[in-house]
Amino acid sequence: MATIAERVRSVTARVLKIDVDRIKPEDHFTADLGAESVQSIELVASFEEEFGIEMDEDAALSVDTVGGAVDFITKVCREQGVEVGP
Amino acid sequence: MAGTRQHPLVNTTEPNYLEDTFNYDLPPLIKFENHPVIEVIDGRAVEFNFNDVQQRDLVVTDTTFRDGQQARPPYTVDQMVHIYDLLAKLGGPHGVIRQTEFFLYTKNDRETLDRCRALGHPYPECTGWIRAVKGDFRLVKEAGLQETGMLTSCSDYHIFDKLKFKSRKECMDSYCEVVAAAFEAGVRPRCHLEDLTRADVDGFVLPFVDRLMEMSAPVPDQLKVKIRLCDTMGFGLPYPNVALPRSIPKLIYKLHVECGVPSERLEWHGHNDFHRVHANASTAWLYGCNASNTTLFGYGERTGNPPLEGAIMEYIALKGGLCGIDTTVITELAQYMQSIGLPIPDNYPFVGKHFNTTRAGIHAGGLRSNERIYNIMNTTKLLGRPPRVAITDKSGADGTTIWINDFFGLQGDARLNKIKCHKVCRWVLDQYEVEKRLTAISDEELETQVRELMPEQWAKYKRPAAAGGA
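Same order as they appear, the protein sequences are chains S and C. Going by the numbering used here, the first residue of the first sequence is number 1, and it counts up by one from there. Going by the numbering used here, the first residue of the second sequence is number 1, and it counts up by one from there.
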């Protein structure tokens with residue numbers, strides 16, 4: 001089963017239409033990966049769909065790096081009792 | 001250049017919304033400091049106290065059926081009766097809309113007057129409008145009116161070139177004959193000083209008004225002449241230190257103090273040829289005219305008159321309360337006028353389709369967090385018009401999300417966030433970035449997209465009553 005980090009990278013690559021191999025944990029969604037305003041919202045929506053969770057909009061949109069997204073999603077999954085992989 | 005004073009920051013973590021002025025449930029209040037306003041007149045400093053508007057019986061008068069009708073095809077009798085009924089409801093029981101004037105020349109004019117009076121409203125009082133011709137008083141008398149306006153044009157453009165008098169004296173004598181006839185008929189004359197702001201004030205206007213005051217001295221109070229100051233061409237100016245005849249402060253001072261016409265018998269009637277119409281009418285209120293003559297939505301000869309609804313908002317702002325006014329009737333009147341063919345521009349204050357519509361995304365974001373940031377007052381309560389956003393390339397996800405929430409009629413915690421609306425936000429963005437669209441997106445187009453891209457929410461929230469997007 002894919003890890004949270006792998007799934008986050010996969011979703012990010014699909015939404016931002018970039019190669020998954022170029023995505024690193026320290027990458028900023030906006031500055032490094034080129035996410036525009038609506039794409040940031042699409043990313044959050046896609047993460048919700050991928051993990052079956054609901055995120056607070058302001059908190060989710062304030063996460064600015066890929067690694068930060070992994071941590072945030074891990075925390076939300078735990079809070080909402082959602083089983084995720086290793 | 002160095003400034004004359006340092007201004008230290010007053011730091012705070014609590015916002016100060018200046019609620020004394022910006023009470024959201026009223027138009028922003030107009031507050032004056034406790035100092036007199038000075039105008040130099042004939043070399044003397046004259047003081048005016050604007051705070052006396054709290055005590056004065058300021059009123060709005062209406063000429064929608066006279067000057068207003070000169071700017072459009074005639075109203076039907078039924079239309080005028082309905083408008084009159086709504087004016088009565090708008091102005092409330094204290095008669096903030098105190099009077100409205102009617103032509104008296106045709107059968108339709110007289111039927112309209114009769115039917116309006118038959119409604120039994122104490123206000124607006126019905127008055128007439130006639131030429132300064134003695135024979136016309138028969139019409140006023142037959143109609144049973146207590147007061148009529150009459151044309152007493154006072155610039156030499158009118159006296160010599162329009163009315164063809166041979167001299168100012170001949171003109172004044174002619175006007176005064178008609179005034180005497182009015183007294184004799186038991187009708188109060190309201191002399192309309194046409195083209196006042198282009199007249200020889202010292203040479204004709206003041207001598208004429210002096211004579212009117214002399215003629216009024218022996219007659220009962222209810223017959224004494226009223227004076228309407230007509231800024232026929234929109235030349236009047238509100239600023240201090242302006243020379244006559246264009247100075248509104250000086251004109252009012254001369255008539256009020258030098259000629260002795262009380263404020264309750266002075267009325268301002270403006271035109272909008274230089275975009276000053278509302279400010280000029282308000283200035284006249286402040287300097288001593290108790291009545292401000294207006295038309296609904298400013299419709300009047302050429303560029304129009306002071307808009308009645310603007311005067312209503314100004315009245316509330318000056319008085320600090322609604323005073324019995326039902327401001328929601330302004331919206332009702334606008335809808336009715338549009339239904340009978342009167343165009344109202346989308347950006348027209350208080351009633352235009354987009355008067356409280358925000359387009360820029362960054363503004364919509366502000367509106368989303370607190371509607372007061374970009375809404376002038378509680379337009380939902382005062383006008384039945386919640387603030388809206390219109391969708392263009394500048395709207396952003398915030399704007400689109402507000403539109404969707406308003407469309408579904410969602411309030412408070414039930415409102416959807418941007419995440420839930422992202423597909424429609426994407427569609428909007430693509431319209432401009434991919435499709436290279438150059439026009440705004442209509443409510444109907446957005447409705448179609450919401451139905452298609454948000455089927456769950458559509459099924460849950462869409463009810464027939466929410467149709468139309470606001």
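Source of the hints: derived by calculation from the structure; they are not laboratory data. None of the values given here were measured: they were computed from a predicted structure. There may be inaccurate statements among the hints.
[What the hints assert, rightly or not] Here are the simulated DSS-like cross-link-like pairs (lysine-lysine), alpha carbons at most 27 Å apart as the crow flies:
1) S:LYS17 to C:LYS134
2) C:LYS381 to S:LYS17
3) C:LYS394 to S:LYS75
4) C:LYS141 to S:LYS17
5) C:LYS394 to S:LYS17
6) C:LYS423 to S:LYS75
Structure-based check of each hint:
1. S:LYS17 to C:LYS134: violated, 86 Å
2. C:LYS381 to S:LYS17: violated, 47 Å
3. C:LYS394 to S:LYS75: violated, 35 Å
4. C:LYS141 to S:LYS17: violated, 84 Å
5. C:LYS394 to S:LYS17: holds, 24 Å
6. C:LYS423 to S:LYS75: Distance of about 26 Å is within 27 Å: holds.
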